[in-house]
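Asks: So you can see what is in the structure, the chains are spelled out below.
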Amino acid sequence: MATMTHKKDPLVRIARRETMPKWQSLLIRIGSVVAALLLAGLIVFLLTGVNPIDVYSSMLKGAFGSSEKNFARNTWITVRDTMMLLCIAVGLAPAFKMRFWNIGAEGQVLVGGIATAACMIYLKSLPPWLLFICMIGASLLAGAVWGLLPAVFKAKWDTNETLFTLMMNYVALQLTCFFVAKWEHPAGSNKVGVINQGATAKEGWFPAIFGQEYMLNVIIVMTITVGMFFYLKYSKQGYEIAVIGDSPNTARYAGIPVDKVIIRTMLISGAICGLAGFVTVSGSAHTISTSTAGGKGFTAIIVAWLSKFNTFIMIGVALLLTVFDKGAIQVATDCGISKDMSNMITGIILFFIIGSEFFINYRMIFRKKAKEATA
Amino acid sequence: MFLENNTAVSMRHITKAFGTKVVANKDVSLDIERGEILALLGENGSGKTTLMNMLSGIYHQDSGQIFVDGREVHITSPKDAYDLGIGMIHQHFKLVDVLTATENVALGMDKKTAKNNREIAKAIEEICEKYGFDVDPKQKVYNMTVSQKQTLEIVKTLYRGANILILDEPTAVLTPQETDKLFAVLRNMKADGKSIIIITHKLNEVLAISDRVSILRKGEYIGTVLTAEASVQSLTDMMVGQKVELDIDRPEVDNSVKRLSISHLTCLDKYGVKALDDVSFDAYGGEILGVAGISGSGQKQLLEAIAGLQRAEGGSSVKYYDPESGEEHELIGKSVTEIKNMGVALSFVPEDRLGMGLVGTMGMTDNMMLRSYRNGKNIFADRKAPRNLAIKVKDELEVLTPSIQTPVRRLSGGNVQKVLVGREIACEPTVLMAAYAVRGLDINTSYTIYRLLNEQKQMGVAVIYVGEDLDVLLALCDRIAVLCDGKLNGVLDGRTATKEEVGMLMTHLKEGNDDGNDDA
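For the record, the sequence lines run as chains B and D. In this text, residue positions in the first sequence follow numbering that gives the first Met the number 0: the first is 0, and each later residue adds one. In this text, residue positions in the second sequence follow numbering that gives the first Met the number 0: the first is 0, and each later residue adds one.
Honestly, the hints are just simulated from the structure, not real lab data. Beta carbons are placed, not taken as given, at the ideal position from N, Cα and C, and that holds for glycine. Hints may be right or wrong, so weigh each one.
Keeping only pairs whose Cα atoms sit at most 27 Å apart, straight-line, the calculated BS3-like set for lysine-lysine is [what the hints assert, rightly or not]:
#1 269/D - 155/B
#2 269/D - 153/B
#3 376/D - 259/B
#4 235/B - 391/D
#5 393/D - 235/B
#6 383/D - 232/B
#7 259/B - 235/B
#8 155/B - 139/D
#9 235/B - 376/D
#10 391/D - 232/B
#11 259/B - 339/D
#12 21/B - 393/D
#13 153/B - 139/D
#14 269/D - 259/B
#15 333/D - 155/B
#16 232/B - 339/D
#17 155/B - 339/D
#18 333/D - 153/B
#19 232/B - 393/D
#20 307/B - 232/B
#21 155/B - 273/D
#22 93/D - 137/D
#23 235/B - 383/D
#24 383/D - 307/B
#25 235/B - 333/D
#26 21/B - 383/D
#27 232/B - 376/D
#28 333/D - 259/B
#29 339/D - 235/B
From the derived model, a few chain D residues whose C-beta atoms are all more than 12 Å from chain B [stated by the list, open to error]:
#30 22
#31 118
#32 246
To list a few chain D residues with every Cβ distance to chain B over 12 Å, as calculated [as the list claims (entries may be wrong)]:
#33 147
#34 329
#35 391
#36 453
Excised from the complex, chain D in its bound form:
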C-alpha cells in the first residue's frame, strides 16, 4: 500500500529518543504523496520537528525505516537529504547576513556543480518567475524582511533540486498578508508536482492550505485525515486527546480581591510584529489564573510586560491594587526596580530558568541574593540572610544538591525549579507569575510546585500560571485565560471548562474578537 507509485516519501515505525527518558517519536508511520500539501499538526513538544529533522538528515532515527520513491534510504546528513530531493526550511533561517541572495544560494555547492554568480542569479530569477516568488538576487540578507528571508530559503532549497519541501512553522513570523503570499506560491509548487510538508499548530491554516493532515500527540502518531473531511472541532479533538483526570488539589476561592487590572495591553516582539494585541483582563488575589495558548501566542510578553521587562505600546495599562493601602499603581513604563520600590511585591518564575531566573554558575546562596542583594546601605552585600534562606529552601523543598555552594546549573531540572520557586515565594509576593513551571519536571516535583502555588493562593496571592498541559490547567486553575495569536480569545471557568473548549480557543480565533472578553 505504501509503496504505490504516487508516494514520494514513506516513513515506517520511526522511533527516536533523546537520552533514556525523553521519547520524541514513538513508532510513527507517515506517507507523503507527490503533488500534495501535507500538514503535520500537533501541540508543542508533540515531536513534529524531530520527525522532520530525521527526514532532512539532522537526526537519525533509533529504529524504523524511510523510503523515498519506494526505495529504502539512509539519511545521515542534510547532504544525503538534498541528494534525495528533500529540503527543509527551518524556523530559524540558515542564511549569512552579509552575503547577497545569490551568494547565499551558491554557498555549500560543491566544486563540480558550482556556477558563477551570474548563472545562479539567472536561475534564481527563473525559479521566481515559475512559482511567483519575489527575490532580488543582489540584495544583501541583512536588508531583507523576515518574509523575504523565508522566500530566499525556499528558493535556495528549490535551486538545489528539492522535490519534497518541509516547512517548519513557516507562518509563525509572517503577517497575514505575507502568509497569503506564501500560500499562493506553495499552491504553485504543488501544481508543479512538488510535495510539501508544513509543520504547524494553527488550525485555520491547516484547513486553508493542506490536502491531508497528519496528527501527532506526545510523540505518537494519531492519524491522518483528508482536510476536506476535517473540521476545526475534529482536528482539535485529535490534537488534544481525551481529558486525563489528575489528582491536583483546587481549594475553593474565598475573599478574592482585585489585584491586577490589565487593559488594552499591546506589545511588539523583536521583529516588530504584535505579539500581544489589546489584551484586557483582571487577576484576583486568592485565585490561580491560568493562561493557556499555543507557545508564542504572547505569553512571554504578557508576563514580562507586567514585570517591567517588556516595553508596551501606547494605551496599554497594568494597574496594581495594593492589598494593604488600597492604592493604585500603574506598572507600565516602570522598570523592575521602580516597581519594587513602589512596594509592589511581584514574584516571577520565568520560563527560562537558568537563562533568566537564576545564575547558573552561582550556588544557591548567591542565587537567593538576586532579589535581596541591594538591601542595606553597606557597599558589601549581606550573605548571611541569603545563606539562611538557601538552607531553608533546601530543607523545606527537599532540594537535592551536594551543597548550597554548588553551581545551580549542575542540579537537575526539578531541583533548579525548586530553587527558583523557593526564592520567589520567599519574597512574600502579592502577585506570583509562573511560566511553564513544571516543564520537564517529574511527577513528584510537579506536585510539589502545584502545592506551593495553592498555598500561595490560599494566602491571598494573585497567582498567574502560564501552562501548556491542558489537563493540568483544567485541574489547577480557577479561571483560564486563553491566548490565540496574541489576542485574548476568552476567559473560561476552570471548574466547568472542557478540554475541547480550551483547545478550540487556543487554535481558532473567535469571529470578531477584537477586544478581550474579561468575564469569566
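Extracted from the complex, chain B is given alone in its bound form:
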C-alpha cells in the first residue's frame, strides 16, 4: 500500500454536553463573573495604576449613593432606570422567543413616549384617571403600530424583520425631532422642557405611592414582568410562540396559523415597548427628546438574550447593567479615569457571562484523553 494522507487529530476537540446539573451551571456563571472582575481589575491596574478595589467601590457608590443621605435617592434612580430597561426587555421577550429579531424597541419606545407626551400636553384638562387611561392606551397603540408594520410584511412577504425594525427606529427618531420642534418650550431652546411643571398641577405625572416618586414605575413594570412570565410559559399563545421559534415547519404541521401568530406577537411586543415609553415620559423624564430611549432599546436586547427570555432572570440582568452604567459615571469622577474604562469593565464582564455559556453547553476533549476514551 502506498502512503495515505493521515491528518493528526486536533489538539482539542469540542463536543456537546448532554446535560449539566443546575447547580453546576450556576457555579460556572458565578465563576465567570468573578473571573471577569479579577481580570478587569488587573487590566485597570496595569493600564492606570488605580487600585481596582477603589474602582469597584466607587462603582457601587455611583449606583447606590456614597453616603446614607443620598443612598435612598441614588438607589431609587437606579431602580427607576432598571425598570425602564426591564420593561423593554420584557417587551422584546415574546418576539425573540419566536425568533423574530425585533431590533426596533428604540423606535417603539419613542413613539410610545410621543403618544404619552401628546396626551399630557393636549388632554391635561381631563380628570387624572381618564388622562392616565388615554396615555396608557395611546402609548400601547403607538408601540403596537410600530411592531405591526414589520410583522405584516414579514408574515405576508417574508421581508427581513431585522432591517425593517431597525429602519423603523429612524422613522421614530425623525418623528420625535418633528414633535420636539412643535412642542418646543421655551421657544428657541430646541427642547420640549418639562411638561406641565411649575404652576400647573403636574398633570400626567406619576403620583407618588407610599411617598415614593418611582413606586408606580416599579408596580407597572413588575406586573408586566410577572404577567409575561406566565403568558410565555403557560398560555396557549405562549406555547405557539415557542413552537414557531423552534421550527415554523412544525408549527404549520400542527396547524398553528404562523402568520397570524407573528402579527399578534409583534403587536404585544411593540405595545409593551410603547408602554416603556409611557413609563419613562410620564413616570420619570416628564419630557420627550430624541434621547428618551437613550439606547436602552438596544441594551434590552442583551438583557433579553442573557436571560434566555426568562423574564424573572431579566430583573437581575437589567439591574446589573444599570448598576454598571451608573457606576461608570462615578468612577470617572472619583478615580480620575475616563468613563470608557468602566464601560470596558462592563464589556469584559458581559463577555465572560456570554462566554460561560460555551462551557455550559460544550466540553473540551483533549487529544490524549480522546484516545483513552476511544480505547
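Starting from the known structure of chain B, arrange chain D on it as the hints suggest.
Replies: Leaving out everything else, chain D in the frame of chain B:
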C-alpha cells in the same frame, strides 16, 4: 490494467465511514475513461454522492487511493480537485444570487489568474459556442431559471479547466426538454475528450446518455457494465439485489373499508414543476398501503396534500369517508385545523422528525401537547394530560430519555421516532400516514414501529406507509403503490409482488401511463 493510458481517474479500494456505524462506501474501486460518460447508478443512500464528494475534495477517504492520469493524488480540498481538472456540479447550486453570470465565474479565482470581467465574459461566450450552451454573461443569477443556473455551473467548471465533470442528479430539477438540451451538450463535451460522471437513479436516462454504468448498492460496488449491453431489467436487478427474507408480521386484512379516495391529485414543487401528476388511488381502513418510489418522486407532496399542508392544483380531490357516520369530506383546500375540526382523525409521521413532526428544544410533555394544546376554552394550556401521555408513551414504547422534560433533540433517532409515533397513535387516528418511519433506526426499534403499524391496521386504521427499503415494503404492506416521476406507475399486491417488479415500476415509467391505475 487500471493504469492504462486512457484512464482519466482511477479510484481504488475507497472506504469512507461516518461515525462508527454508518459506512457510506466500502472498498469501492472505479475507473473513468477519457471521453466517456459514466453513469453512477444506485438507490437512495447507496453512497454515490459520498464517493464523488471524495473525488471533488469535499470529503477525504478513510482508506484507499485515487489516481489521476496514472499518478496517485491526495485530494484534500475542492481546490486540489480543480487543480487536477476535476469539477463537480452539485445538486444544490453554489451560486451567488445577486451577482451576474460573469461575476459568479470570476469568484474564487486567485489574484494571479484573475482577469477582468470583459475577458471572462468573452471566455464564457467561447465556451458556450464550443459546446452549445446558452448563457448571458450579464444576467443576474436570481433572474435565471433552474436550468440556466445549472448551465452556468457547468460553464463555471469548464472555465476553471475541468476535464473531468461530475454531475450530481442533474436532471432532478429539469423538465424533459431541458434534460434533452443538457444531454446534447454533455455529448458535445464528451466528443471534446472530457470525462463525465453522471450520478443518477433514472434508468431511462442512464440508457440514453451513458457509455458505461457503474452500480453501487448500500455503499458497496456491485459492478460496471457497458450501457449497450444493459437493459432496464438487468440494471434494476443489480441496483436492488436479491430479495432478503424479513421476519415481519403481516396479519390478514379483514373488513377493509374505503377510507380515502384520492383522484387526479396534482401538486407543484417549490420550483413550479409538477411533483405529483394526476395520481389516483384508494386507501382502505384495515390495510397497510405501501408507497414505493425513488426519493423525490412525489411522496412528500402526496402525504402533505392529504394532511392539508400542500396546495393542490385544480381538479385534485381527496375524499375522506367517515367510518362512523359514513359521511364524505373533501380534504383538498382545507387547512390542518379545518380538517381536524371536521372530525377527520388524521395522524402524520413526517419524514423530517425534528424539523416538522416535533419541536427539538422541547421535552416529551410539550411535544405531546402539539396536537392537543388547543383543547378547552382556557387561555392557559393544559399540561396535565400531555404529561400523563408522555409518561405512558415513555413506558409503553420504552423511550430512553433522562426525563420527560429533556429536549427531544438530545435523544437518539430511534427514541425521537418513538416519541413522534407514540403521539400520533395516541390521537386515535382513522388514517395514519408515516414517511420513512424506520430510516436510521436500529433493528429492534424498526420492529417496534412495524408492530405499532400492524396494531393500527388491525384496529381498522388506514395506514399509508412511505418506505424506501423494498424488502420491508414487500414484507409489511398489503398493497404497494409505486410512484415514478410524480406519476402513479402501478399498484401491486404486497403478497405476490416481486422486488424486481417494484424496482421496475420505480425506475421506468410504463408506456402510456397517464392516468393512475388503481386496481390492485
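Asks: Indicate, hint by hint, whether the structure satisfies it.
Replies: Right, here's what the structure says about each hint:
no.: 1; hint: 269/D - 155/B; in the structure: holds (17 Å)
no.: 2; hint: 269/D - 153/B; in the structure: holds (19 Å)
no.: 3; hint: 376/D - 259/B; in the structure: holds (19 Å)
no.: 4; hint: 235/B - 391/D; in the structure: holds (23 Å)
no.: 5; hint: 393/D - 235/B; in the structure: holds (24 Å)
no.: 6; hint: 383/D - 232/B; in the structure: holds (14 Å)
no.: 7; hint: 259/B - 235/B; in the structure: holds (14 Å)
no.: 8; hint: 155/B - 139/D; in the structure: holds (25 Å)
no.: 9; hint: 235/B - 376/D; in the structure: holds (10 Å)
no.: 10; hint: 391/D - 232/B; in the structure: holds (23 Å)
no.: 11; hint: 259/B - 339/D; in the structure: holds (19 Å)
no.: 12; hint: 21/B - 393/D; in the structure: holds (24 Å)
no.: 13; hint: 153/B - 139/D; in the structure: holds (25 Å)
no.: 14; hint: 269/D - 259/B; in the structure: holds (23 Å)
no.: 15; hint: 333/D - 155/B; in the structure: holds (20 Å)
no.: 16; hint: 232/B - 339/D; in the structure: holds (26 Å)
no.: 17; hint: 155/B - 339/D; in the structure: holds (25 Å)
no.: 18; hint: 333/D - 153/B; in the structure: holds (24 Å)
no.: 19; hint: 232/B - 393/D; in the structure: holds (23 Å)
no.: 20; hint: 307/B - 232/B; in the structure: holds (13 Å)
no.: 21; hint: 155/B - 273/D; in the structure: holds (25 Å)
no.: 22; hint: 93/D - 137/D; in the structure: holds (18 Å)
no.: 23; hint: 235/B - 383/D; in the structure: holds (14 Å)
no.: 24; hint: 383/D - 307/B; in the structure: holds (25 Å)
no.: 25; hint: 235/B - 333/D; in the structure: holds (23 Å)
no.: 26; hint: 21/B - 383/D; in the structure: holds (24 Å)
no.: 27; hint: 232/B - 376/D; in the structure: holds (17 Å)
no.: 28; hint: 333/D - 259/B; in the structure: holds (17 Å)
no.: 29; hint: 339/D - 235/B; in the structure: holds (18 Å)
no.: 30; hint: 22; in the structure: holds (17 Å)
no.: 31; hint: 118; in the structure: holds (36 Å)
no.: 32; hint: 246; in the structure: holds (33 Å)
no.: 33; hint: 147; in the structure: holds (24 Å)
no.: 34; hint: 329; in the structure: holds (18 Å)
no.: 35; hint: 391; in the structure: holds (20 Å)
no.: 36; hint: 453; in the structure: holds (25 Å)
Going through the hint list in order, the structure satisfies each hint without exception.
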